[in-house]
Amino acid sequence: MNDNDPLLRLLLEFFDLPEDTGPENIRQQLLPSWDSLAMVQLITELEGVFSVNFAIDEIDRLRSYDEIRDALDRKGVSFHGPPISAT
Amino acid sequence: MNLVRQWIRSFPDVQKAAIMEAVESASLAKTRRALRLLEELDPEQRGPGLDVEILSTYNLEPLLPVLQLAMSCLPSQARPRLAPLDNIEAHMAQPARSHAQAVFDARMIIWRIEEVLPEALYPFSHGFPERLAARVDQLLERIERVVWLHRRNSPGIPLFLSTMAFPVNFANPVSAAQHCAGPFASVSRVNQKIYEAATSDDGVHVLDLASWAALEGRTHADATVDFLARQPLSAKGQVGFALFIARCLRPLIIPRRKVLALDLDNTLWGGVVGEDGVNGLKLGHEFPGNVHLRIQREVLELRHRGVLLVILSKNNEADARQAFESLPDMILKWDDFAVRKINWNHKHENLRAAAKELGLGPDSFAFLDDADYEREQMRQVIPEVLILNETPDPLQTLRALWETDAFDSFFVSNEDRRRHEDYAMRGARSAEAHQDDLEAFLRSLEMEATIQPIQPSNLERVVTMVGKTNQFNLTTRRHSRAQLQTMLASSGSIALALRLRDKFGDQGIIAVLLAVRAGDAATLVIDSFLVSCRALGRGVEDVLWAAALRRVDRQSVRRLEAEYIPTAKNGIVAGLYDRLGLQRIEHNSSSTRYLLEPVAIVESPSWIALKDETNER
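Heads up: the protein sequence lines correspond to chains D and A, in order.
Residue numbering for the first sequence follows the working numbering, starting at 818 and increasing by one per position.
Residue numbering for the second sequence follows the working numbering, starting at 502 and increasing by one per position.
Within a straight-line C-alpha distance of at most 20 angstroms, the following computed SDA-like cross-link-like pairs (lysine to any residue) qualify: (1) Lys1004(A) - Leu1037(A); (2) Lys737(A) - Glu864(D); (3) Lys969(A) - Val1074(A); (4) Lys517(A) - Glu885(A); (5) Lys969(A) - Arg982(A); (6) Lys759(A) - Arg920(A); (7) Lys737(A) - Glu830(D); (8) Lys694(A) - Glu590(A); (9) Lys737(A) - Val869(D); (10) Lys517(A) - Glu830(D); (11) Lys737(A) - Leu824(D); (12) Lys1070(A) - His980(A); (13) Lys969(A) - Met988(A); (14) Lys737(A) - Ala855(D); (15) Lys737(A) - Phe867(D); (16) Lys737(A) - Phe667(A); (17) Lys517(A) - Leu538(A); (18) Lys857(A) - Arg841(A); (19) Lys737(A) - Phe871(D); (20) Lys892(D) - Asn821(D); (21) Lys1112(A) - Ser958(A); (22) Lys737(A) - Met856(D); (23) Lys694(A) - Val705(A); (24) Lys892(D) - Phe867(D); (25) Lys737(A) - Thr725(A); (26) Lys1070(A) - Gly968(A); (27) Lys737(A) - Val669(A); (28) Lys759(A) - Gln797(A); (29) Lys737(A) - Asn870(D); (30) Lys783(A) - Ser827(A); (31) Lys892(D) - Thr725(A); (32) Lys783(A) - Asp894(A); (33) Lys1112(A) - Leu943(A).
Hints listed in this document are in silico derivations from the structure and should not be mistaken for laboratory results.
Throw the hints in and build the complete structure from the sequences for me.
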């Protein structure tokens, strides 16, 4: 279900989360493994995968799926893949 | 990426795919996945243990998984571990045994200008030039102290010191370069000190991150994460950095390849010597011959670094040799190769034979060949051989030589530099030993040769031999019985047959030599000289030759003429008269004529007892 959402896929893999984890549950305050080290690694990962650079004031606002998605949206990263086929 | 593919070629496909995906994407999530898959392998598949302690002035913790994956690819059971950040001397001051995990295979010190010489970034704020120079002096002393501490507290453990790259983000690159005590020159002095430490101490190696950063370009850096966490590398930069460190560690655990086996056509020169001829080959200073010229320079450098060179070529040896001798721009010489296998055998057979001659295993070999078929066959038949190139393209062959780490070593010793000569001498000794063995074997046959005149009692056998012998037959003249009888009757002719007996019994007449007078009495011409194929390789031709010369000498003959007439089957004797010391006087495609003047008798081989029934001894 997340094949069309590269950000969701990245975060599930990055934090080693179950496939059915919903985006609303990907938040720093819910994930003990999202510590300061993971934060640094995640920024590098996002910059590498989406070819972006984050501004200083954005760094503090990358603490959930939604916040990261907003930041990437503002940088023009598109998440609009083909529609998910009904099963 | 090619290097990684070579390192991991023995891993199962699942692990290989995961590693390549991780390395190519530079994704930490994929890196972790690849590490998990590697954990599933047996320890033997994962390679030897490699514990490395890393002391650093900046934060390497975020890229520890990337570093671990890179080192695991060598392959090794990699355990990189970080000492407390930016606490180098205090940590080293403790004896190794008192560290939490005392034993490690290597120690690395990775430092950078931003922490150890920040004044170089702001020289005018820090008393450039005098005070900056004094700060550099202090840092040089610090480097000495660090090496001393390591030697005292962790003797015997290899120490890797990184050089320092000039920071990517720097405001004044023009004026920084204009003074011998300026920022750039200051950093050069520091790095020079590190090179000197490695030069003067066998246990110190350089991790040349300054060169790495220069080659990698500014995209290796990421200012955001550097400010955030004192981790200066971008995702791609982390992968490149980790692979570079892994490559530098590799000589600790993986022996280098000792031999480069390579093809000739379309490798050392462009074209195929057997088809294009020497004049049609491409080698020189113009494109594309300049690519092959560069390949030769690389290969020659390897030979001087102690890598033995072997030719594996499907060619006529004479054609190949002619190319070596005639091409004006050849850099490599015939004698630069410790072993030359130039024939039509399978290359894997030739490689095994070369390995045996050199006393090395096939796992000491790296292989270069333009033919897809040859590389694939080698890969399948002898998987231990490292195939360096992947396509027929000569430029790719050259790139393979530039990029390979197969011959990496920390030092090139005097022994390495002499290796080619040592092996060449050993090859000569081995040939002598082989000759000694052969002679002992021949003696054990207890051979006895009887020299007979050709006469009615043996004429039948001689007629048969003259009519049938193909291989050891210099002229292949099929004389009839009548023709032979005429020759025997002519004045001054010499007609000898050799009968051989050995410990297995009487072999009968197995060699014949016929010589007749030319116009004058002083010249004799060898009409026929042949040896039965069942007696080849025993030296009987030398016995018969010596017997013939004794007779020639007695007859006051001064000139002996001989001829080799090539056929499809008698190539085995193409060089016989040369070996016997005759002088070539005429050569064309249908015949080579020889002369021996004056005639002097020669020794008969000592391993064959001689009995002469001609009454003319």
